[in-house]
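Colleague: Full structure from sequences and hints, please.
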Amino acid sequence: MATPLRSNSRLSTAMERTGQWVFSQEIPTDVIVEVGEANFNLHKFMLVAKSNYIRKLIMETNEADLTRINLSEIPGGPEIFEKAAKFCYGVNFEITVHNVAALRCAAEYLQMTDKYCDNNLAGRTEDFLSQVALSSLSGAVVVLKSCEDLLPMAEELKIVQRCIDVASARACNEASFPCRTPPNWWTEELSILDVELFGRIIGAMKQRGAKPLTIATALITYAERWLRDLVRDHSGNGIKCSEPIDSDLRIQQRELLESIVQLLPAEKAAFPIHFLCCLLRCAIFLKASSARRNDVEKRISLILEHVTVDDLLVLSFTYDGERLFDLDSVRRIISGFVEKEKSMAVFNGGDFREVSSSAMQRVAKTVDAYLAEIATVVELSISKFNGIANLVPKGARKVEDDLYRAIDIYLKSHPNLDEIEREKVCSSMDPLKLSYEARVHASQNKRLPVQIVLHALYYDQLKLRSGGADDRNQPDAVTTRNQLQADVSLVKENEALRTELLKMKMYISDMQKNNQTGTSSKSIGTRKPTFFSSMSKTLGKLNPFRHGSKDTSHIDDNLGVDVTKPRRRRFSIS
9 MATPLRSNSR
19 LSTAMERTGQ
29 WVFSQEIPTD
39 VIVEVGEANF
49 NLHKFMLVAK
59 SNYIRKLIME
69 TNEADLTRIN
79 LSEIPGGPEI
89 FEKAAKFCYG
99 VNFEITVHNV
109 AALRCAAEYL
119 QMTDKYCDNN
129 LAGRTEDFLS
139 QVALSSLSGA
149 VVVLKSCEDL
159 LPMAEELKIV
169 QRCIDVASAR
179 ACNEASFPCR
189 TPPNWWTEEL
199 SILDVELFGR
209 IIGAMKQRGA
219 KPLTIATALI
229 TYAERWLRDL
239 VRDHSGNGIK
249 CSEPIDSDLR
259 IQQRELLESI
269 VQLLPAEKAA
279 FPIHFLCCLL
289 RCAIFLKASS
299 ARRNDVEKRI
309 SLILEHVTVD
319 DLLVLSFTYD
329 GERLFDLDSV
339 RRIISGFVEK
349 EKSMAVFNGG
359 DFREVSSSAM
369 QRVAKTVDAY
379 LAEIATVVEL
389 SISKFNGIAN
399 LVPKGARKVE
409 DDLYRAIDIY
419 LKSHPNLDEI
429 EREKVCSSMD
439 PLKLSYEARV
449 HASQNKRLPV
459 QIVLHALYYD
469 QLKLRSGGAD
479 DRNQPDAVTT
489 RNQLQADVSL
499 VKENEALRTE
509 LLKMKMYISD
519 MQKNNQTGTS
529 SKSIGTRKPT
539 FFSSMSKTLG
549 KLNPFRHGSK
559 DTSHIDDNLG
569 VDVTKPRRRR
579 FSIS
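For the record, in the sequence shown the residue sitting at position 546 is 554 according to this note's numbering, with numbers rising by one throughout.
These are calculated hints, taken from the structure and not from any lab test. A portion of the hints provided could be inaccurate.
What the hints assert, rightly or not - BS3-like cross-link-like pairs, simulated, lysine-lysine; straight-line CA separation at most 25 angstroms:
#	residue 1	residue 2
1	441	420
2	406	373
3	153	64
Modeller: Here's what the structure looks like:
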């Protein structure tokens, strides 16, 4: 037994001697105390001397001789009652931080108070609490942990609140002036608690003015302890989660996660973005409420400029790394960041479409690199790929080489796309923003649709035509696109005319071989004006100099211009 914290009275000494005498004389017991499945053979007069509750039971019973007492409701169960019985017999036992709360509650239940008997069990445990257990952070936390099984009595006796007050004060002091190593040792101490009691300590620390980073440190340690297999698995190639989502374990983890999210401080930037991404993946996997997921998503959006490709990949893949999660969370996060940047640009009086902040440009590069990583996933649809790529404003990409790389990887990983689908994939990219090296690569890339290749080639031709090195003489992007669209249309019409000519040539060849009659020849003659008239109209549209400096549409046909050897122009890129 712990050394008494105040001097024993004569009655305590007498009870101890009486207990020793009872054992030495082997006096037969006269009552059986039942506590759960345990039975204790004891003496009524030894119990009545300390416990007012047992005295009342014996005196108020209707039985002539009460021989059995049921105390199964006593806090702490058989183990604690055994120590209380030892106290009644004056037998030594040890009071520790692990059992002091249970002994205090048992003393209250048995009415073993100083009001009934001096130096009773209640007074002894109170002295130990105030002078030993609650003198340190570790002691207060251990006592508070033991109170989890003693509610609501421990709450009524103010043991819980006293522990919370001591623990929160000591934790704030350690966070500001650490006296042990490592400096965050106190977070490990707090992490042993149930989430409800832990949350009350966090609330008390906030009231005491603890910094958001201090609160964040405690919450990170707590989450990594209780959601170890979900939060600490940062690799994306973790264990296979064999537990069904509706199992008791997953339900407990879901409730725990939602409680942790509720405890996050109001300051959005208090947490590392990597931890928030792991927390969000955990929320998605456990199917947490939409309110909790949205809270974490908003926190990530506010500090998205610090995100890495690995962070976004944490959100995207399941724990076994074999398949994609729903990418809606990633889209909402990027969209939220873009909206924040737009609001800031409007507030500062700028034009968000033309000028992007450095943070927006960093996010754009990260998103493009992220697209390149997920482009190899077979089940990634074109709409989801473009949906993420198009979230980034056009002005944020000064050069679109990274996006071109992502598109090329997607086309390589999805070889069965037709021409229209490949054009849809490339629709998010502006070919005029590619670097020279990227345009050279694109011009030789057989995976790209023809239209994108023409864009790359035509842009270099315009640069050569305008002087090459002098950017001031180069046409702007709008003019370049208009001219390019017109020439692409011209190429398509040229292909249509070539096909029509080939069909006519084959038709005439067949007619000559069959040696048709004059009527047939006349019929052919009547068809020629229709063909040549349509050809003249089509050729009129195919003037290759409409957008150049050598437009000859104003020259009269009767001025004697030599057209015997017209220049041949090629519109193919082969």
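Colleague: Run through the hints listed earlier and report the numbers of any the structure violates, in increasing order.
Modeller: Of the numbered hints given earlier, the structure breaks just one, which is hint 3.
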